[in-house]
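There are 2 protein chains.
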Amino acid sequence: MEASSAALLRAQSLFMSDHQSVVSLNLFVALLCGCIVTGHLLEENRWMNESITALLIGLCTGIIILLVSGMKSSHLLVFSEDLFFIYLLPPIIFNAGFQVKKKQFFRNFSTIMLFGAVGTLISCAVISLGVILFFKKIGIDSLDIGDFLAIGAIFAATDSVCTLQVLNQDETPLLYSLVFGEGVVNDATSVVLFNALQSFDLNHMDPKITLHFIGNFLYLFFTSTMLGVLTGLLSAYIIKKLYFGRHSTDREVALMILMAYLSYTMAELFYLSGILTVFFCGIVMSHYTWHNVTESSRVTTKHAFATLSFITETFIFLYVGMDALDIEKWRFVSNRPGTSIAISGVLLALVLVGRAAFVFPLSFLSNLGKKNPSERISFRQQVIIWWAGLMRGAVSMALAYNKFTSAGHTHVRDNAIMITSTITVVLFSTMVFGLMTKPLIRLLLPQPKHGAGTSFSDPSTPKSLVNSLLGGERDSEGELLLPEISRPDGLRALLTTPTSTVHCYWRKFDDAFMRPVFGGRGFVPFVPGSPTRRSES
Amino acid sequence: MEASSAALLRAQSLFMSDHQSVVSLNLFVALLCGCIVTGHLLEENRWMNESITALLIGLCTGIIILLVSGMKSSHLLVFSEDLFFIYLLPPIIFNAGFQVKKKQFFRNFSTIMLFGAVGTLISCAVISLGVILFFKKIGIDSLDIGDFLAIGAIFAATDSVCTLQVLNQDETPLLYSLVFGEGVVNDATSVVLFNALQSFDLNHMDPKITLHFIGNFLYLFFTSTMLGVLTGLLSAYIIKKLYFGRHSTDREVALMILMAYLSYTMAELFYLSGILTVFFCGIVMSHYTWHNVTESSRVTTKHAFATLSFITETFIFLYVGMDALDIEKWRFVSNRPGTSIAISGVLLALVLVGRAAFVFPLSFLSNLGKKNPSERISFRQQVIIWWAGLMRGAVSMALAYNKFTSAGHTHVRDNAIMITSTITVVLFSTMVFGLMTKPLIRLLLPQPKHGAGTSFSDPSTPKSLVNSLLGGERDSEGELLLPEISRPDGLRALLTTPTSTVHCYWRKFDDAFMRPVFGGRGFVPFVPGSPTRRSES
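Residue numbers (the numbering used here), protein chains in the order written: chain P, 82 to 618; chain X, 82 to 618.
Just so you know, the hints here were simulated from the structure itself, not pulled from any lab data.
Warning: the hint list may mix true and false statements.
You can't tell identical chains apart in this list, so a pair holds if it fits in one copy or across any two.
Here are the simulated SDA-like cross-link-like pairs (lysine to any residue), alpha carbons at most 25 angstroms apart as the crow flies [what the hints assert, rightly or not]: (1) Lys322 <-> Leu123; (2) Lys322 <-> Thr119; (3) Lys322 <-> Asn107; (4) Lys184 <-> Ala198; (5) Lys322 <-> Leu108; (6) Lys322 <-> Leu122; (7) Lys322 <-> Val118.
Required output: the full structure, derived from the provided sequences and hints.
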């Protein structure tokens with residue numbers, strides 16, 4: 082038996098062309114399961130959240146692999162930007178757009194854009210300036226002005242994934258929509274900014290080039306948004322016209338998934354910002370397409386998108402955790418531990434200052450435009466906005482790997498130090514700032530509705546995140562049919578006082594022109610459940 | 082503006098390390114959307130089905146790419162076994178196990194195993210013998226006995242994906258469960274057989290090696306099944322114990338998806354048959370795990386798995402269609418078109434004969450064991466079973482590429498001819514045999530219930546397939562809670578007469594020991610919808 086088994090084994094390992102990749106895959110899937118179960122067990126914990134759990138599990142696994150492999154390699158996969166930008170990020174951002182409360186988002190649209198676009202530019206400028214000032218003193222001298230600006234862009238990218246987990250859409254709707262909306266716009270801005278900085282000859286700056294730069298930025302922003310909106314509308318139109326609901330839940334769901342992904346890949350194809358595109362595609366799909374499908378499609382898409390996003394988020398944190406012990410780069414640093422600590426410290430300080438430099442002034446600006454005092458952003462809320470956006474995550478990692486390595490490797494000392502510093506900043510900010518966010522919110526904003534002990538133990542988990550997004554805590558059936566009818570709520574009622582006339586005009590336009598063409602709530606006959614072809618034919 | 086745009090474009094194409102892959106991805110996603118819409122429009126067509134549509138769209142795209150690229154290359158991706166076996170096949174087979182009607186499947190278990198395992202061996206033997214007899218005469222002389230046996234295994238693999246689309250579980254439950262069950266077991270058998278044949282020194286056959294071979298085969302079969310069952314039970318136990326339903330629909334769905342995939346990768350890790358493992362994992366999950374989750378999780382998993390399987394199937398046919406014009410191999414053939422046609426003809430004939438050689442004798446054997454005449458397989462049904470399993474698909478393609486190319490390329494003439502012949506057989510059998518299956522069934526089995534005109538225009542589409550699997554045409558709410566209570570039905574009522582005492586004992590064992598531990602219908606408190614934490618705390 083042994084001889085033939087061995088022979089069979091050999092043949093099958095030939096057949097399975099790369100058995101090592103199966104081993105990695107296995108480990109990742111098993112760890113993901115572990116993260117979910119652990120995350121569930123730690124759900125009631127007031128400090129932890131899913132991201133930090135995944136990050137810690139990833140770190141521990143990295144250490145074990147490092148020890149098993151004899152200090153040679155700690156990771157099964159080298160951090161790959163392609164994997165991250167093409168496969169992992171789109172579902173997260175799409176789901177964010179799909180589940181965001183559109184009213185809140187659009188009511189605060191101007192503030193969000195101010196924070197997301199202008200704020201990121203300010204943050205980038207502050208960090209770049211600080212880096213130019215301090216790095217020479219620390220002893221990093223091989224970097225040029227382009228590198229310093231790139232560092233500004235890298236560390237201006239907040240981690241919208243982690244941010245989502247510390248704020249609760251139901252309990253702090255204003256803060257949630259501001260911080261979350263800013264995060265999405267910020268992701269897009271940072272990537273666009275990073276790419277733009279890479280391509281300009283920064284030694285010959287003149288006003289004309291600066292104007293080009295701004296024009297380009299606005300052009301990218303506008304076209305990306307339009308592409309997302311158009312793809313979303315196209316999906317709504319196709320599903321409404323062909324009326325897939327009559328036939329197939331699975332076809333509808335498949336078409337929604339594929340068209341959402343198509344919007345992202347099309348944006349990448351035309352060198353636009355896929356993040357912005359897929360975010361607006363998600364918003365349009367939830368506003369029109371989602372209402373054109375059968376009820377089982379609605380339940381399925383809601384939960385399937387949320388699950389996909391949840392798995393992807395967990396995967397990213399696991400991956401970042403496992404990749405943190407990048408021994409190749411840490412070897413360069415081990416000779417000069419002081420330098421690395423100094424750089425990480427400077428970067429963390431600059432992140433804190435850079436964010437403060439725009440949150441408080443821009444909040445002041447935004448408050449100037451609001452007549453109703455209850456709509457203004459209070460100082461305590463400003464502190465939370467500042468703090469909740471301090472985490473740096475996978476976007477920063479991906480940009481840093483892109484800038485300072487080629488295909489994941491580098492042999493330049495300063496580049497290796499920049500990679501390890503980025504890893505340090507990401508780990509430190511996610512863990513320390515992330516852990517302290519929940520207690521900080523509890524301190525600054527004592528909730529009137531619930532006891533302070535329970536009201537903020539929930540928000541950290543994807544469960545409560547998603548359920549609050551989905552209104553899952555209400556009557557689920559009623560909610561499914563009328564997802565936007567909200568309960569009266571103190572803070573919310575104040576916020577929904579009709580100040581934004583733009584929104585009012587939009588509703589009129591929507592009802593008169595858009596919904597009759599693209600469907601939407603109230604414009605599609607009620608389809609109770611699965612297809613009822615029998616009764617039709 | 083132009084200068085800076087161009088610079089930005091350059092930089093972004095650097096950033097996007099492989100823009101060509103984005104183009105391919107875009108094209109694939111767009112074509113998938115096209116396939117779904119076209120498939121929907123052709124739904125009422127009595128000949129077409131989704132597979133053939135996707136295959137034709139793929140072929141047309143291949144031709145266009147071939148013309149655009151100046152006859153250089155027709156495909157964006159070379160057919161990759163890894164992609165197929167690691168990512169595309171598992172969701173299809175898992176969904177098949179998840180949605181199969183378990184009663185029918187287990188009632189016909191012995192017949193299915195007879196067809197799937199013994200039948201595949203007979204078919205393989207017949208095809209190998211035929212190939213040995215005819216190929217020398219045609220002028221293929223560089224192949225040895227191992228190659229001939231491999232050809233037998235390659236063409237013994239029926240295409241369970243396409244088979245699913247031509248039969249209807251509600252209208253022909255016996256035929257469906259036989260042909261479909263056989264297809265799954267056959268897939269596993271062919272792959273195991275192919276691998277086993279690759280590893281044996283076939284020039285020194287003796288009885289001992291044959292015994293080893295059979296022992297190995299049984300061992301693989303048993304361990305693969307057990308691994309799937311155990312993973313499924315583990316998922317049921319975890320979800321029941323931790324009671325995720327109280328907390329998070331998304332966590333439950335994520336855990337089900339990940340554990341299902343884990344079972345597959347673990348099987349691959351231990352060199353078992355992942356196909357069998359994931360199939361039985363699907364069966365166990367639908368029997369236990371599915372009943373332990375919230376109702377929204379149930380709706381989501383049902384439709385999400387079906388959608389995933391649907392997208393993957395469409396992708397495979399598109400991919401096979403696009404890959405059919407593999408110009409590198411067709412060049413070898415173009416010198417001797419007669420040989421290629423002769424080989425394809427011989428192979429098609431052998432496929433027909435090989436399948437006939439086991440369907441009719443084994444049906445006779447199976448009928449001998451049945452006391453009740455209504456349970457026997459009539460001659461007309463035997464003809465349909467024979468015909469519905471004639472299609473060859475992606476499994477054959479993947480095995481042929483594995484055997485006759487290295488990394489998708491070959492420079493040996495006979496090997497190239499074998500690849501093109503495989504492509505010809507796959508295309509011909511899917512299109513011609515596939516197209517003729519629906520009319521054949523209508524001819525041989527006039528349905529008593531419906532008019533002949535409407536009853537068989539439905540079954541071809543994934544919609545009707547999935548809905549019938551899900552019982553989607555019944556009251557969806559009631560169905561969700563009690564999915565196995567079926568309507569009385571002429572043919573079905575006869576089939577459900579309690580002849581199988583094994584099934585009866587199993588039910589008793591299940592109720593007494595399994596369900597109390599692992600949950601399942603009736604053993605988990607009813608969870609009406611989304612989590613109700615508020616009411617608990």
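Okay, the hints, checked on the actual structure:
When the C-alpha separation of Lys322 and Leu123 is checked against a cutoff of 25 angstroms, the pair qualifies only between copies, where the shortest distance is 15 angstroms, while the shortest distance within a copy is 47 angstroms. For the identical chains of this complex, Lys322 and Thr119 are inter-copy neighbours only, at 13 angstroms across copies versus 45 angstroms inside a copy, given an alpha-carbon limit of 25 angstroms. Only between protomers do Lys322 and Asn107 lie at most 25 angstroms apart by alpha-carbon distance; the minimum there is 24 angstroms, versus 43 angstroms within a single protomer. Taking the closest pair of Cα atoms, Lys184 and Ala198 come within 25 angstroms of each other only inside a single copy of the chain (20 angstroms); across copies the shortest separation is 59 angstroms, beyond that limit.
In this homomeric assembly, Lys322 and Leu108 come within 25 angstroms of each other (Cα to Cα) only across copies, at 24 angstroms, whereas the closest approach inside a single copy is 45 angstroms. In this assembly of identical chains, Lys322 and Leu122 lie within 25 angstroms of each other by CA distance solely across copies; the values are 11 angstroms between and 46 angstroms within a copy. For the homomeric pair Lys322 and Val118, the shortest alpha-carbon distance between copies (11 angstroms) is at most 25 angstroms, but the shortest distance inside one copy (43 angstroms) is not.
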